[in-house]
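Q: As a plain string of letters, each chain reads:
Protein chains: 2
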Amino acid sequence: MSLVVQKYGGSSLADAESIKRVARRIVDTKKAGNDVVVVVSAMGDTTDELLDLAAEVSPAPPSREMDMLLTAGERMSMALVSMAISNLGHSARSYTGSQAGVITDAQHGKARIIDVTPGRITEAIGEGHIVIVAGFQGVSQATNEITTLGRGGSDTTAVALAAGIKADVCEIYTDVDGIFTADPRIVPTAHKIDRITNEEMQELAASGAKVLMLRCVEYARRFDLPIHVRSSFSHHEGTWVVNQKEGDSVEDPIIAGVAHDRSEGKITIVGIPDSPGRAAAVFKAIAGVGINVDMIVQNVSAGTEKKTDISFTVPKEDAGRGVEVLKAMQDELGFEQLQYDDQVGKLSLVGSGMRSNPGVSATLFQSLADAGINIEMISTSEIRVSVVTSDDELDEAVRVVHSAFGLDADGEAVVYGGTGR
Amino acid sequence: MSLVVQKYGGSSLADAESIKRVARRIVDTKKAGNDVVVVVSAMGDTTDELLDLAAEVSPAPPSREMDMLLTAGERMSMALVSMAISNLGHSARSYTGSQAGVITDAQHGKARIIDVTPGRITEAIGEGHIVIVAGFQGVSQATNEITTLGRGGSDTTAVALAAGIKADVCEIYTDVDGIFTADPRIVPTAHKIDRITNEEMQELAASGAKVLMLRCVEYARRFDLPIHVRSSFSHHEGTWVVNQKEGDSVEDPIIAGVAHDRSEGKITIVGIPDSPGRAAAVFKAIAGVGINVDMIVQNVSAGTEKKTDISFTVPKEDAGRGVEVLKAMQDELGFEQLQYDDQVGKLSLVGSGMRSNPGVSATLFQSLADAGINIEMISTSEIRVSVVTSDDELDEAVRVVHSAFGLDADGEAVVYGGTGR
Chain A
1 MSLVVQKYGG
11 SSLADAESIK
21 RVARRIVDTK
31 KAGNDVVVVV
41 SAMGDTTDEL
51 LDLAAEVSPA
61 PPSREMDMLL
71 TAGERMSMAL
81 VSMAISNLGH
91 SARSYTGSQA
101 GVITDAQHGK
111 ARIIDVTPGR
121 ITEAIGEGHI
131 VIVAGFQGVS
141 QATNEITTLG
151 RGGSDTTAVA
161 LAAGIKADVC
171 EIYTDVDGIF
181 TADPRIVPTA
191 HKIDRITNEE
201 MQELAASGAK
211 VLMLRCVEYA
221 RRFDLPIHVR
231 SSFSHHEGTW
241 VVNQKEGDSV
251 EDPIIAGVAH
261 DRSEGKITIV
271 GIPDSPGRAA
281 AVFKAIAGVG
291 INVDMIVQNV
301 SAGTEKKTDI
311 SFTVPKEDAG
321 RGVEVLKAMQ
331 DELGFEQLQY
341 DDQVGKLSLV
351 GSGMRSNPGV
361 SATLFQSLAD
371 AGINIEMIST
381 SEIRVSVVTS
391 DDELDEAVRV
401 VHSAFGLDAD
411 GEAVVYGGTG
421 R
Chain B
1 MSLVVQKYGG
11 SSLADAESIK
21 RVARRIVDTK
31 KAGNDVVVVV
41 SAMGDTTDEL
51 LDLAAEVSPA
61 PPSREMDMLL
71 TAGERMSMAL
81 VSMAISNLGH
91 SARSYTGSQA
101 GVITDAQHGK
111 ARIIDVTPGR
121 ITEAIGEGHI
131 VIVAGFQGVS
141 QATNEITTLG
151 RGGSDTTAVA
161 LAAGIKADVC
171 EIYTDVDGIF
181 TADPRIVPTA
191 HKIDRITNEE
201 MQELAASGAK
211 VLMLRCVEYA
221 RRFDLPIHVR
231 SSFSHHEGTW
241 VVNQKEGDSV
251 EDPIIAGVAH
261 DRSEGKITIV
271 GIPDSPGRAA
281 AVFKAIAGVG
291 INVDMIVQNV
301 SAGTEKKTDI
311 SFTVPKEDAG
321 RGVEVLKAMQ
331 DELGFEQLQY
341 DDQVGKLSLV
351 GSGMRSNPGV
361 SATLFQSLAD
371 AGINIEMIST
381 SEIRVSVVTS
391 DDELDEAVRV
401 VHSAFGLDAD
411 GEAVVYGGTG
421 R
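If you're matching them up, the sequences are chains A and B in order.
Letter 193 of the first sequence, counting from 1, is numbered 193 in full-length UniProt numbering, and no numbers are missing.
Letter 12 of the second sequence, counting from 1, is numbered 12 in full-length UniProt numbering, and no numbers are missing.
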């Protein structure tokens, strides 16, 4: 007998019929001899409808009240899933995030889970109930107020709860068959990944892959909890996201997948004196208004004037604020011009095999060059290479790179037979 | 400076526009120098929509989960009202029933408030916030589960909370101008009552008047809390529901109003032996299946056989169960026949002046006789006379009685100049 945590997202809970279908799947898991805890998101469009209502009464609602409003969404879906299970003759109990012991910090709208005290949940499991828990929400330790975790928060709830009750696996149900080597809408030959390391998944999620949110993968990695990402519309095996163990990975492909991201824009500071402390002043100012910088490139100084250009990428929704704060500092920083380009995209190649295969970057750059695609910026981590291209060349870039590394479903994946690490 | 509790029902919170209108009224009350606590119901049709959803996933949902589902309704409206107030530049905080300290027993769907521990509410008032509380819901002391109070529960929340925080007044906002001497849809000459005693209001509510629920009036009476029932669509004074004090009521009308009720049916047991213990056996059986009996009439025995008929009224939704349990006892009870009539209605005349005016019943019966309306059953309390008529004569009966006691708006109310009681 296993203890299984399952998470169903809004697209799996679109209407009464979907809820009944999900209930049958949960009951099947229970009947197979497992204890089951289910984390649910709000039904289909509920969250958007609630956001619309809020916008109608106030252009800038307080975040505390927004959390109060939005948490009604999971409350409805968890009660309905519980009812549907009862109707199949099994006993189910639903619990809010607060009741389930999801303890967070006090940042409304983007709270972080700081503890899980699942006393009521383990008690209910012990009594034989199927337990349904509202995702995306918790209660703050400091203020005792209801909080929400922000986008993708239900995945994090599921993984944190699974860790808290020492579940054997956390199954994340979604509307696709698992994690793919690239977005299938862009790369038709992309294929489902059977097994990926947490480390790789973290890099993919951070690079724009949308199936799993970064924080949830971080949590799973920390608690060494296997995640099984799979479709609620089929019974196929999905993708297992696991921690890499000593001796694993023999014959694993070098590259796990290709992610892409259109959410960032590029700010370029033209003609800034190349003297110590200038770059520090720039990024201190940007951080000062709460903006996370992703990639940074500084050109080599040219000419006798000792001036240089600095380019960096920021989330598009923050770019306006970033440009504003820098413009106000033009005299102080002494730059000539400020440029903002929102027509860019980022491609990221992720794979733990990069560590032992130094030729990856060269292959990547060559494949893009062969396709006539210009690289505007480059950044790398131990298991990732990212490049920024123009927006309109990004899709082609993803296809070219996916193919160059043998990831196409009908192609031959590049594998390495090393000792792993 | 007063401490005012206001309660707004679903019809006052139908959509975003209504919510903004209610917010303006709340802010006006605050700006007039009062501390304000607001109790809200779910918006317009929310509860019905949630009930529909529940019915789609399960024909008989567990009451615990139903409470979980329905409490989402007030959660949404309270957050939206709070946001609308913030948008007017005032600080508001919303609290669920559980957070507001509304402690109930564990009967899901029809819980009773057993205590109010409003620590968070008084603290928020002290900090200068306008406080919004979800009506209709609480948390059970014994099981720590979320409960709902049943129909009209938000009024009870408002009164209980007002008593708990020692408010000066509880204003119940509705879509009519107050309590009327009869239902204006039936009696066009009915007029708004300016002031009515709690005792009279209790009898009217128990007799079918729908504006205030019985339990809420009981609560207000127990804690000597004045209720002001008024319209959220106008600024007119409404009806004050107050405890009668020694020396009050000089020049008050004898009759407060006429209520009517079509929710009950009449069961008649024909030809039951008129021997000791038979009636006890009948009503023991009826009580045994959880049915509340309202009026009971036993005819005098006729003939030598010593047989009699017993008629009584029960809620229509319980009548089937009542008939069933009696039919199963036909041999034991020895009656000849069982009749059920759902085409009946009840008229109730209520007024504390009845105590010192013995002619009230006679005037009532005479006025009905003059109009050719047959009385099928009669029951009385100290300040109420109720009669059962056929359903199709009930409206006319209400009009005739309303007029006979001078309650018509253009008529002269019957007043008494006695010493009260």
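Please note that the accuracy of each hint is not assured.
[As the list claims (entries may be wrong)] Footprint (simulated), chain B over chain A, 3 or more residues, beta carbon under 8 Å:
| hint | segment |
| --- | --- |
| 1 | 46-55 |
| 2 | 58-65 |
| 3 | 82-91 |
[Said to hold, decoys possible] Taking lysine-lysine and the DSS-like style, the derived pairs with C-alpha atoms no more than 30 Å apart in a straight line are:
| hint | chain 1 | residue 1 | chain 2 | residue 2 |
| --- | --- | --- | --- | --- |
| 4 | B | Lys210 | B | Lys166 |
| 5 | B | Lys327 | B | Lys306 |
| 6 | B | Lys20 | B | Lys30 |
| 7 | B | Lys306 | B | Lys284 |
| 8 | B | Lys210 | A | Lys110 |
| 9 | A | Lys20 | B | Lys110 |
Derived by calculation from the structure, the hints in this document are not laboratory data.
All C-beta atoms, glycine included, are put in the ideal place defined by N, C-alpha and C.
Q: Using C-beta distances, would you say chain B covers the segment 58-65 of chain A, given that this needs three or more residues below 8 Å?
A: Contact hint for the segment 58-65 of chain A vs chain B: holds, 7 residues under 8 Å.
Q: Measure nothing beyond the straight line between the CA atoms of Lys20/A and Lys110/B; if it is 30 Å or shorter, mark the hint as holding.
A: holds (27 Å)
Q: Sort out whether Lys284/B lies within 30 Å of Lys306/B, counting only the CA atoms.
A: Measuring from Cα to Cα gives roughly 22 Å; hence the hint holds.
Q: When you check the alpha-carbon spacing of Lys210/B and Lys166/B, does it fall within 30 Å?
A: Holds. Lys210/B to Lys166/B sits at ~26 Å (cutoff 30 Å).
Q: Between the alpha carbons of Lys327/B and Lys306/B, is the straight-line distance 30 Å or under?
A: holds (21 Å)
Q: Given the hinted pair Lys210/B and Lys110/A, is their alpha-carbon gap at most 30 Å?
A: violated (44 Å)
Q: Taking only the CA atoms, is the gap from Lys20/B to Lys30/B under or equal to 30 Å?
A: holds (15 Å)
Q: For the segment 82-91 of chain A, does the count of residues with a C-beta closer than 8 Å to a C-beta of chain B reach 3?
A: holds (count 5)
Q: Has the segment 46-55 of chain A got at least three residues whose CB is nearer than 8 Å to a CB belonging to chain B?
A: holds (count 3)
Checked against the numbered hints above, the structure violates only hint 8.
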